[in-house]
Amino acid sequence: MDNNFDTINENVFNGEENIPLQSFYAELKENGFPVTPLQIIHAQKVIIQYANWVKNEVELCQYLSPIFAGSEEEQHLFKKIFDKHFKREIPKPLSKQQLSVEKKLKQHWKKLVIIYGAIALAVIGVIVYTSLQRKQFDPAKIHLYISNKNETSLKAPLFTKTNTQIELVTICKYDNKSDVLETDVQYNWGDSSITDPLPSHIYITSGVYKLTAYVSVRYRDKIIKKAILHKTVNVCDADNSLAIKILSANHTITIGEKIKCIAITNHQGNNSFIEWSIDNVNVGHRREVDTAFLFAGVHKILCNVFYDSINSACNIYKDTSITVNDKTKPQPVVSNTNPQIKKEDDTIEPLQTPNNFLQTLYKSLAIIFSLLALFFMLLYARQLKKTGAIKSNVLDKYKKLTTSFTTKKAPAILPFKNRNYLPAQQSELDDIAKLLRRRVKDTVTFLNIGKTISKSIEKMGMFTPVQDARTRQSEYLILIDETNTNNQQVKLFEYLVTMLKKQNVLAEVFYFKKHPGFCYNIHEPKGIGLEKLFGKYQRHTLLIMGNGHQLINKTENNFDETFLALLNRWQHKAIVTPVSFLDWQREEKNILLPQIPIVPVDMEGLVLLAEILTPKGNAVDIIARLSRNSGAFYKVKGIDFEQLTVLEQYCNISGWIRQNENGKSINVLLEWVLALSIYPKLRWEITLAIGKSILEKYNLRHQLNFTILLRITRISWMQQGFIKDSLRFEMLKKLSRKNEQTARETILLLLNEIPQQEIESSNSAEEKEVQQIINEFSLYAHDPVFYSSYHESKYMFEKLWQNNQLNDTPTESYFKNQGRQWKTLINQHNNDNETPYNVGVEEYLLSNNREETLLSKVYLALAVISAVVLVSSIAALRVLYIWDNVL
Amino acid sequence: MEIQILRSLIDEYKPSAELLAAINTALFLKRPLLLSGDPGTGKTECANFVARQLNLLYPYVFTSPKALRFDTKSGSQSSDLFYSYDAVSHFGDKTNRSKESFISFNGFGIALLGTNNFDASLKRFMNYEKEVFNKNGCFGSVVLIDEIDKAPRDFPNDLLAELEKPPFKFSIKELPDFYVEQDSRYPVFPIITSNNEKGLPDAFLRRCVFHHISFPNSQELLEIIKSNLKTDNPFFETVITRFTELRQMNLVKRPATSELIDWIACLQQKKLLNSNMENWKAADDDYKIKLIETLGIITKSQVDFDTVRKQIGG
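Chains as they are written, first to last, in this note's numbering: chain A, 1 to 887; chain B, 1 to 314.
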């Protein structure tokens, strides 16, 4: 509400509108409302008065409607125009965004699937690659050690005693894990013995031997690494042993705390030499050494016991490591009884998280692609449901429609809303109405009291009544010739009468068929004779609207005496003929005119009519007067309106040529006439509505007036009430596509205005439905995005088309368009190319059906691709799990 | 003073929002309100509703809760709106009474005289004392000009001048010195009703504030029924549904709201408002007979009567 007022005010200040709501008033005027300055002033006053009271447009409409509307129809029309103007109706079923997404999807589905497939493939590639990487053992991560079976130190030389069996073990670790891989080992013990796979040996002689082990690492019978390990074996005669004992006051060793390291050996001789080193720094040579640590962390303590010489095979050494803690920092809980002292060999580095990154990646991919798969599956299901629902709905409707085809119903004319308010008012009509409204003396008299008293006084008190004739407005009895059913000239006459009545001309309308001797109207549906009619309307002026040829006695070639006698009972009478003055023949000039005044229905003729109905009208020389204005008339007789070229020539009048967007000249009147071929029946309401729509496009709205409508209704087939199929077919082909689109939109608007309950019990319900289907289908086929709400009609049309139930041969032939010989609204939208091209209806339906399922197929493909990636991610995760946990 | 009825106070007449807006527009613009609609849709009653509301809202201006009424006749002239002169009685009078005693004021005339101070000299007129003097002071009025389409075609055209714009005025051509003009402090609000606005001249229509009263919807009907009958009944809705179905049948004359009110009152009185109303055809014969006896209220021709009876299954 406020927004509208703001816009209004803004426009006023910008000088775009002189008065608020000007464009709305203009629209009202275009729709037949008089819109007087007084009404506008009243409207402004009401708006100001109730601006703070009304809450919305609906309420504003309620306040303004009583000012402008003058009838029930106008009240409804006002509301409609108001709604339309302030855009309260939003009929679009799909949002623009949705439409563009669907359109784009349909257009670029190949690209989309390819791109998405490529992305999926790349993702799968990454997954496979990383997984494969994991499957291959990294030889660098394979660590091999040889140690004495009873020894745990992996790095120290091996010690054994002569003539004692040494038993070795080969330890293979992968990523710090044992028992993953198997090994085959061949030992060369360094003495003269042969290389063998036995891990035990007895050295006979003491000394230092170089042991060589040839190790093959296997995983499931596959050798994944070969290595040669060298190890020094010290073989001593004596049974030497060494152990390190560390004594500390506390459970944990802290910085600065003194500890005692004791070397425990079984050697009793004095030829031995002990060497302690801590963190590779020599700290003493005694059996016991005291030391303290300055730094927290793991410290390595090494004890070497040398015998005889530095190269003696009996030399022995031992290493261990201890953890020194910082008192100031919180200490980890240690479960070991002597945890701070660990042998280096037993030290196992903390277990690393097995490739966290890959796990996160695979999990993320699995989540993303499962969501995508789910999303596409939902879209697929929705699409299936959508098309399925439409199809079943269509099937129901189609069954209902075809059942009603076979049901016998009363024939009826489709009740289009009257559109006689559409033509623009011509100023001449105002003048004519003014003349026709003139007051005449009535036969009814009244006692003039004043004059009677005066006269009685004059006559010396003798009562002398004075009667005066009352005056009254002229009244007209109009008989319209309806001999030809659906003659559009009848509608033109009705329009003329409506316009005159609107201008307060008093008229009673009757119709006649064949001759005016017997007339009828809504109040006299059974008919009334001319004689009786005279009895009821003798004071009226009689106007016969028709060519009057029925009044001629064809055998004697003169005015029928019976009719003449009946018609002469009316004091004032005239014939208003649709025959153009230039086409007047003997009938008009020599037979009718001498008896009854006759004028053509052209504006010049009507002006003359108003004149000849005055008391001095008898003196008017009709032929002379019309001849003076002969330039205003045109010849119609002899024109073959069945020929398109002739029709084109007839419509070729000045001021009606316009340029279209391609710079081509276009005859707007011809386009209007051609557009009448879209609807299979000639209907006055459609003629007016299509005229309005087309003329508005070319800024010729003012030309929708009585004069041009007369010109159109003078076309022979407009009088016959139907267009031959062959001509309709040619007209459809000739009509420009833009105007066909406009006309079909207009027809749909008219059809939608008809309340269903009014036609339910008659066969016009089927006519309405079939026409709705045809027009909606044409528009949908032209632009499926813009007219997406007509989607359902495509299926209905297809059903009717396949079963030959359209019952409109010219339209069928036009749609068929075999070999694409002419242009229709039916377009094929090539997905790869933006520009649609024209096709025949069968080709369209075939390819469109393929396209209909396209979206669901695309969604399914995308869902499948997503699922494949999802499965790959899950598989990779599984592999990762196996590697990290099982292996 | 701006006279308006922005909200309807408690009243048995339930105007639609559109009608209320039209009444306010007419009151504000000081234009006659022309109401059209099928017979029985409450056009006439609307005038009394406005009078009642204005009497409640502005009791010192609109002293009467009833609209002054002028019933249009086939021979009505514009002057009849203000006064009637009984020329024949005057002519035959032997007592030599003044001309004024043969003139009586009609609806619009009374309304205009009521806006002016009491004039003792006017007591000579036939009905001045009764219609104006006894009202005890000046007053504004709602004037109902009922069924204007009954009048000759000239009548609405003549009204154009008379109802052009307040202050309204009138004179009596038989009394050259007589002239009354409305005192603008006391509004006179003309409400014109017509069954067929199509017969009215365009110029007349354009000078009026127009509203067509459509047939009310089910909810509005229920409100109207409850308000008029001042009672509630769980079967009112069912009757309205049946009534709406009857209206949709191909009847020569479709029954309107007033017929519905009368019909329901009758059904209630005859104790026919019960579950049988939900399915007439399944009701017992006794019920059907009693129901058919009430059909005269809602059908106005034998054809319609037979059609509805067939529908009931009688």
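No lab work stands behind these hints: they were computed from the structure.
All values derive from a computational prediction rather than experimental measurement.
Don't take every hint at face value.
[Claimed, not checked] DSSO-like, lysine-lysine: derived pairs with alpha carbons at most 30 Å apart:
no., chain 1, residue 1, chain 2, residue 2
1, B, LYS230, B, LYS290
2, A, LYS434, B, LYS73
3, B, LYS290, B, LYS226
4, B, LYS230, B, LYS73
5, B, LYS226, A, LYS526
6, B, LYS73, A, LYS502
7, B, LYS270, B, LYS169
8, A, LYS391, A, LYS55
9, B, LYS30, A, LYS79
10, A, LYS502, B, LYS150
11, A, LYS501, B, LYS150
12, B, LYS14, A, LYS80
13, A, LYS80, A, LYS149
14, B, LYS253, A, LYS532
15, B, LYS30, A, LYS536
16, A, LYS526, B, LYS30
17, A, LYS177, A, LYS300
18, B, LYS271, A, LYS55
19, A, LYS55, B, LYS30
20, A, LYS260, A, LYS177
21, A, LYS45, B, LYS253
22, A, LYS45, B, LYS226
Evaluation of the provided hints:
no., hint, result
1, LYS230/B with LYS290/B, "holds (24 Å)"
2, LYS434/A with LYS73/B, "holds (28 Å)"
3, LYS290/B with LYS226/B, "holds (23 Å)"
4, LYS230/B with LYS73/B, "violated (34 Å)"
5, LYS226/B with LYS526/A, "violated (44 Å)"
6, LYS73/B with LYS502/A, "holds (24 Å)"
7, LYS270/B with LYS169/B, "violated (52 Å)"
8, LYS391/A with LYS55/A, "violated (43 Å)"
9, LYS30/B with LYS79/A, "holds (23 Å)"
10, LYS502/A with LYS150/B, "holds (19 Å)"
11, LYS501/A with LYS150/B, "holds (18 Å)"
12, LYS14/B with LYS80/A, "holds (25 Å)"
13, LYS80/A with LYS149/A, "violated (102 Å)"
14, LYS253/B with LYS532/A, "holds (28 Å)"
15, LYS30/B with LYS536/A, "violated (40 Å)"
16, LYS526/A with LYS30/B, "violated (46 Å)"
17, LYS177/A with LYS300/A, "holds (23 Å)"
18, LYS271/B with LYS55/A, "violated (45 Å)"
19, LYS55/A with LYS30/B, "holds (23 Å)"
20, LYS260/A with LYS177/A, "violated (34 Å)"
21, LYS45/A with LYS253/B, "violated (41 Å)"
22, LYS45/A with LYS226/B, "violated (37 Å)"
Hint violations for this structure: numbers 4, 5, 7, 8, 13, 15, 16, 18, 20, 21 and 22, all remaining hints satisfied.
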